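Chemist: When you get a sec, could you build the whole thing from the sequences and use the hints?
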Amino acid sequence: MTTATPHVHPRQEVPSDDPRVQLDEAVGVFEPIPPYPPRTERESEFYTLGDGEMYINMGPQHPSTHGVLRIVLKLDGEQVVDLDPVLGYLHRGVEKLCENADYHHTIAYLDPLEYISSLFCEWPGVLAFEKLLDVEVPRRAEYIRVLSTELNRILSHSLFMGWMALDLGGLTPILWSFIERDEIAEMLAALTGQRLLFNYLRIGGVNGDLNHEFLSRLGDWMSRATHQIENNLGLLNQNEIFVRRMRGLGVLDKETAFRMAVTGPNLRASGVPLDFRRAHPYSVFTELEFDIPTRDEGDCLARYLVRIDEIKQSLRIIDQCLHNMPDGPIMAKLPRLLRPRPGRAYAAVEGPRGQYAAYVVSDGTDQPFRMRIHDPSFVHLQSVGVLMPGHLIADAMAVMASLDPIMGGVDK
Amino acid sequence: MDAALKRRLQDRFGAQLIAPIQQRHDETEIRIGAGDVPDVCRALHDEPAFGFILLADLAGVDTGDVMQVVYHLWSETTTDWLRVVADGLSREDPRVPSITFLWKGAEWMEREAYDMFGIAFEGNRDLRRIYMPPDYQSFPLRKDFFLPDDAARSPGAGVRHMEQSHAPTNARAATMIRKSRA
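The listed protein sequences correspond, in order, to chains V and E.
Mapping the first sequence onto our numbering, position 120 (from 1) lands on 120, and the numbers just tick up by one.
Mapping the second sequence onto our numbering, position 47 (from 1) lands on 47, and the numbers just tick up by one.
Treat the hints as calculated values from the structure; they're not laboratory data.
Check before you lean on any hint, since a few could be wrong.
[As the list claims (entries may be wrong)] List time: in silico EDC-like cross-link candidates among lysine to aspartate or glutamate, alpha-carbon distance up to 16 Å:
(1) V/74 <-> V/84
(2) E/179 <-> V/366
(3) E/104 <-> V/255
(4) V/333 <-> V/134
(5) V/96 <-> E/27
(6) E/6 <-> E/27
[To be verified] Computed list of chain V residues with no C-beta within reach of chain E, every gap over 12 Å:
(7) 49
(8) 50
(9) 99
(10) 131
(11) 175
(12) 207
(13) 244
(14) 291
(15) 296
(16) 308
(17) 345
(18) 385
For clarity, every value in this text was computed on a predicted model and none was experimentally measured.
Think of the CB as a built atom: it goes at the ideal place given N, C-alpha and C, for glycine as much as any other residue.
Modeler: Pasting the structure below:
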C-alpha cells in the first residue's frame with residue numbers, strides 16, 4: 001500500500017548560466033528621477049511675479065504661433081511685461097541625422113527645415129559641400145538655381161502677406177495670397193516633382209533641366225504677376241486699420257538689430273542695406289541687376305513693405321535669368337560616392353527670412369563629420385523677446401508675425 | 001582669399017593665435033584658446049580696421065578628442081568670412097567665456113551649443129537647455145552619443161538606449177568614437 005503524497009510540482013529552476021537573465025543589481029520599478037537643474041539667473045528673474053502680474057501660456061497649439069511654439073507670457077493686465085519662448089516641440093535632430101547620412105542623402109534632410117522655402121535650406125548645404133570638393137558648377141545650373149530660388153522667395157513672401165494679415169485678424173488676404181502661392185507651387189512642382197519639399201539642388205548642379213510645362217506656366221504667370229501682386233497689395237496697403245495698427249509697432253533699431261544678430265528683410269527694414277547676394281556674392285548674383293530695398297522705420301509696417309519691394313526685385317531677377325539662360329550641362333561630373341578631403345567649409349545664402357548658412361566639417365569619409373545649420377528664424381524668434389515687452393497681447397502676435405519665423409527652422 | 005586681412009590678423013593677434021592662419025575659398029580661419037575669446041571678439045567687433053559687426057553663426061564641434069566653439073563673423077572691410085575657432089576645450093568639462101556682452105543674439109546659439117554638447121558658456125545668464133527637456137541628461141551631438149538605429153557605427157555595442165549619462169566612467173572607449181583631425 002502506498003501512502004498518498006500531496007501532488008507537488010517541483011519549482012522550476014531558472015538556469016542561471018544564461019547571461020540574458022543574470023542581473024548584477026536589482027531593477028527597481030521606479031528609476032531615480034534625475035535632479036532638476038537649478039534655475040538660471042534669467043529664469044529666476046522671469047519666474048518671480050511682481051505686483052499684479054500673471055502668467056499665461058500661449059501655445060503650443062495656438063494658431064498664431066506659426067507652428068508648434070509655446071510662449072510663457074508675463075502679463076500686467078493686457079500688457080506683456082516679459083516672455084519666455086519654449087522651443088523643442090519640433091526638434092528632429094537634423095544635424096545628428098546629417099552626420100550619419102551620405103553627402104547626397106543630406107540634402108533630403110535639409111529640405112524639411114523650412115517647409116515654406118525649402119530650396120533656401122538646401123542651398124547653403126550644397127554650397128558648402130561644393131566648397132569642400134572644389135567643384136565648379138555649370139553656369140546653366142547656377143542660373144536655374146537662381147531662377148527657382150527667386151520663385152521660392154516670392155512664394156514665401158506672398159504667403160507672409162497673408163499670414164501677417166491673418167494674425168491681425170483679417171481673413172481675406174491669406175485666401176488671396178494662397179492663389180499666388182499655389183501657382184508658384186504648381187510651377188515648381190513641374191520643375192522639381194514636389195510641391196513642398198523640393199529636394200531639387202544637387203551637389204554640383206540641379207536635379208532636372210527646365211521643362212516645357214514649367215516654362216509655359218512661368219511665362220503665363222510672369223505676364224500677369226505684377227498686376228496680380230498689385231491687386232493683392234491693394235487689399236492691405238490701402239487698408240487703414242492694417243496700416244495704422246502696424247505703424248510704429250515693434251520698432252527694431254539698427255544697433256539692436258546687429259546686437260541680436262538679425263539678418264535679412266528684418267535688418268533691411270531697420271535701414272541697413274545688407275543683402276548677402278551683394279555683400280557676399282555667391283552663385284551668379286554678380287551678373288544680375290537688382291536693388292536692395294530698405295526702410296528706415298524698423299517697425300512692423302517697414303518689415304512688411306520691404307518684403308513687398310523684394311517681390312518686385314525677385315521678378316526682375318527672374319526676368320533676367322530667363323533672358324540670359326545659357327545652354328550647357330546642368331550637373332558637374334562627380335563620382336557617386338563623395339569623399340572630400342578633410343577640411344571645413346562655411347557657406348551662406350540670402351533667403352526670404354535672412355541668412356541661411358551651413359558649416360560642414362569633413363573627416364575624409366563619405367559622411368559629414370559635423371553639419372551645423374544656421375537658420376534665421378531661430379535668431380529672429382529670439383529678438384521677439386526684445387520687441388514684445390510693453391505691447392498688448394494682440395499686438396505682440398503682430399510683432400512676431402512681422403519677423404516671420406518658421407518653427408521648422410527654429411527647432412531643426 | 002583676402003591676404004591683407006591675414007596680415008592684419010597676424011599683426012594684431014599674433015600672440016593669441018595657437019595655430020597658423022588658414023585661408024581657403026572665401027574663408028579665413030584663426031584659432032585661439034578658449035580664454036582669449038572675449039578679448040579677440042571685442043577687438044574684432046570694435047576696432048575699425050576689422051569691424052566684424054555681424055555674428056553670422058556660432059557652432060559647437062566635438063572632434064572626438066576635444067571640443068571647439070566656432071564663430072563665423074562678417075564685416076564689410078573684407079570679402080572673406082572670418083572663422084574664429086576656440087580650440088582645445090576638454091571633453092570632460094568644456095568651458096568657454098560667453099560673448100553675449102557683444103552680441104545678445106548669441107544667447108540662444110550658446111544655449112543650443114550647451115544643449116547639444118554640454119559646453120558651459122560662462123557669463124551667459126540663461127544657460128539652460130533649449131530643445132531637449134530640462135531634466136534630460138545627455139548631450140546628443142557629442143560623438144559618444146550614437147543614434148539608436150545606427151548599430152553599424154557602434155561596433156559591438158549594438159543598440160543603446162537614447163539617453164545615456166555622459167559621465168567619464170560611462171564614456172565609450174576612445175577607439176569607438178569617430179574622430180576628425182580637422
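Chemist: Which constraints among the numbered hints does this structure fail? Numbers only, ascending.
Modeler: 5, 9, 10, 17, 18
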